[in-house]
Amino acid sequence: MEIRIIANPKPTYMELYIDGISYHILNALRRAILTEVPTLAIHDIIIHMNTSVLYDEELALRLSLIPLTVDPKDIDVLGKCRNIEKLDLSELTDCTARLRLKKKNTDKDKIITVYSKDLEPIDKKSVRPAYENIPIVKLGPGQEIDLEVIAKVGKGKDHAKWMPVSTLGYKPLPILKIKDTSKCVNCNACIDACPKKILKKVDDKPVLDGLSIYLCDLDKLCVRACPEKVLELIESDSQFIFRIESVGQHNVIDIINTAIDILNEKYLDLSKELQSKIKELKEA
Amino acid sequence: MIFPVRCFTCGKVIGHLWEDFEKRVKRGEDPGKVLDDLGIKKECCRRMFISHIEMIDEIIMYEIKFVPPPQ
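Protein chains in written order, with our numbering: chain A, 98 to 381; chain B, 332 to 402.
Honestly, I wouldn't trust all of these hints.
To be verified - The list that follows gives simulated cross-link-like pairs (lysine-lysine, DSSO-like), each with its CA atoms no further than 27 Å apart:
| # | chain 1 | residue 1 | chain 2 | residue 2 |
| --- | --- | --- | --- | --- |
| 1 | A | K254 | B | K373 |
| 2 | A | K200 | A | K183 |
| 3 | A | K268 | B | K343 |
| 4 | A | K317 | B | K372 |
| 5 | A | K107 | B | K354 |
| 6 | B | K373 | A | K294 |
| 7 | A | K207 | B | K354 |
| 8 | B | K373 | B | K396 |
| 9 | B | K343 | A | K293 |
| 10 | A | K205 | B | K354 |
| 11 | B | K396 | A | K317 |
| 12 | A | K317 | A | K294 |
| 13 | A | K252 | B | K373 |
| 14 | A | K293 | B | K372 |
| 15 | A | K205 | B | K396 |
| 16 | B | K396 | A | K201 |
| 17 | A | K214 | B | K354 |
| 18 | B | K357 | A | K214 |
| 19 | B | K343 | A | K107 |
It is worth saying that the hints were derived from the structure and are not from the lab.
Just so we're clear, the structure is a prediction, and the values are computed from it rather than from any experiment.
Please construct the entire structure, taking both the sequences and the accompanying hints into account.
Rendered as structure tokens:
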């Protein structure tokens, strides 16, 4: 297997070129990242006062979508809280955090904005939003909000707010083939049909190479445009581009490693169960 | 009403970029170039910015003028 990092401009974004892996392995990884990697998000909200123009529900929705980061010393999100379903009540308190949001507009005629940075942690001091300048609500003169929120560790399979990534996917690399080279005359139809203009002409034949392999959308417009029907665009079954964009709680390397760990644990559990069942059968 | 925290389609957090975008577009910059500069590449996130109307300011003024404060 060969892996190359195409782009990694910041810790929350990565594009990988992977050679020598099959569809189902990559898809298992993708689904494990989406559904099993835990994150921290606001889940319960106690509203003491809300005279803003947003309804309580709308306020709750906006708050829950704010990604929260935390020091692993306070809440070990990717470690201990990974098995959130199996923890008992006393351990669950280690996977929750309380925050407070209190703001009143005392100005006579100005409108103020409440930002995500105004969320103040109560018990675990290192909990803070990943982005500080998300507007939560705007307050007119005399309006106020006073909320207490409880953030919980959860998983993407329960609610999309707990997903660690925003966009995550893979695409196979294209392979351009000419079935009958004698019929491929110098007609330029495929090169003109490409919307991205990435097909090149080498020895009067269309060629996909270099950067155009990564840019190709696999829309197959070139295949359709060919008057002799000799062009073929195949999706590779072992070469992929894997793109992952974190929401901001974890960096991408941690997300991928945790997902692989979780998959490993699940398969080991399965293997253990199977071994004990076989043992029972033999003894009986 | 108020600018969404995340993109409706892909879930990318975009709320923190709105005020910067609004300020720069009001100053006369080209919205497309501002979005390129802010790192908003996908079309789903870009439409969130260019199609948004910030109505909450007007609604707050209405509320203050016509709705009596809670007792």
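Q: Measure nothing beyond the straight line between the CA atoms of A:K254 and B:K373; if it is 27 Å or shorter, mark the hint as holding.
A: 25 Å, holds
Q) Is A:K205 within 27 Å of B:K396, Cα to Cα? A) Distance ~13 Å between A:K205 and B:K396 Cα, so the pair holds.
Q: For the pair we were handed, A:K317 and B:K372, check the Cα-Cα distance against 27 Å.
A: 24 Å, holds
Q) Hey, A:K293 versus B:K372, does the alpha-carbon distance stay inside 27 Å? A) Measuring from Cα to Cα gives roughly 17 Å; hence the hint holds.
Q. Taken at face value, is the distance from the CA of A:K294 to the CA of A:K317 at most 27 Å?
A. 13 Å, holds
Q: Starting from A:K205, check that the Cα of B:K354 is at most 27 Å away, please.
A: 24 Å, holds
Q) Given the hint that B:K396 pairs with A:K201, does the C-alpha gap stay at or below 27 Å? A) Holds, because 18 Å separates the two Cα atoms, which is no more than 27 Å.
Q) Is B:K343 within 27 Å of A:K293, Cα to Cα? A) Answer holds: B:K343 to A:K293 is near 26 Å, not above 27 Å.
Q. Given the hint that A:K107 pairs with B:K354, does the C-alpha gap stay at or below 27 Å?
A. Cα-Cα ~25 Å, so holds.
Q: Please work out if B:K357 and A:K214 have their alpha carbons no farther apart than 27 Å.
A: Given pair B:K357, A:K214 holds - Cα atoms ~25 Å apart, limit 27 Å.
Q: Sort out whether B:K396 lies within 27 Å of B:K373, counting only the CA atoms.
A: Distance ~40 Å between B:K373 and B:K396 Cα, so the pair is violated.
Q | Hint consistency between A:K214 and B:K354 [alpha-carbon to alpha-carbon, up to 27 Å] | A | The hint holds at about 20 Å.
Hints 2, 8, 11, counting from the list given before, are not met by this structure.
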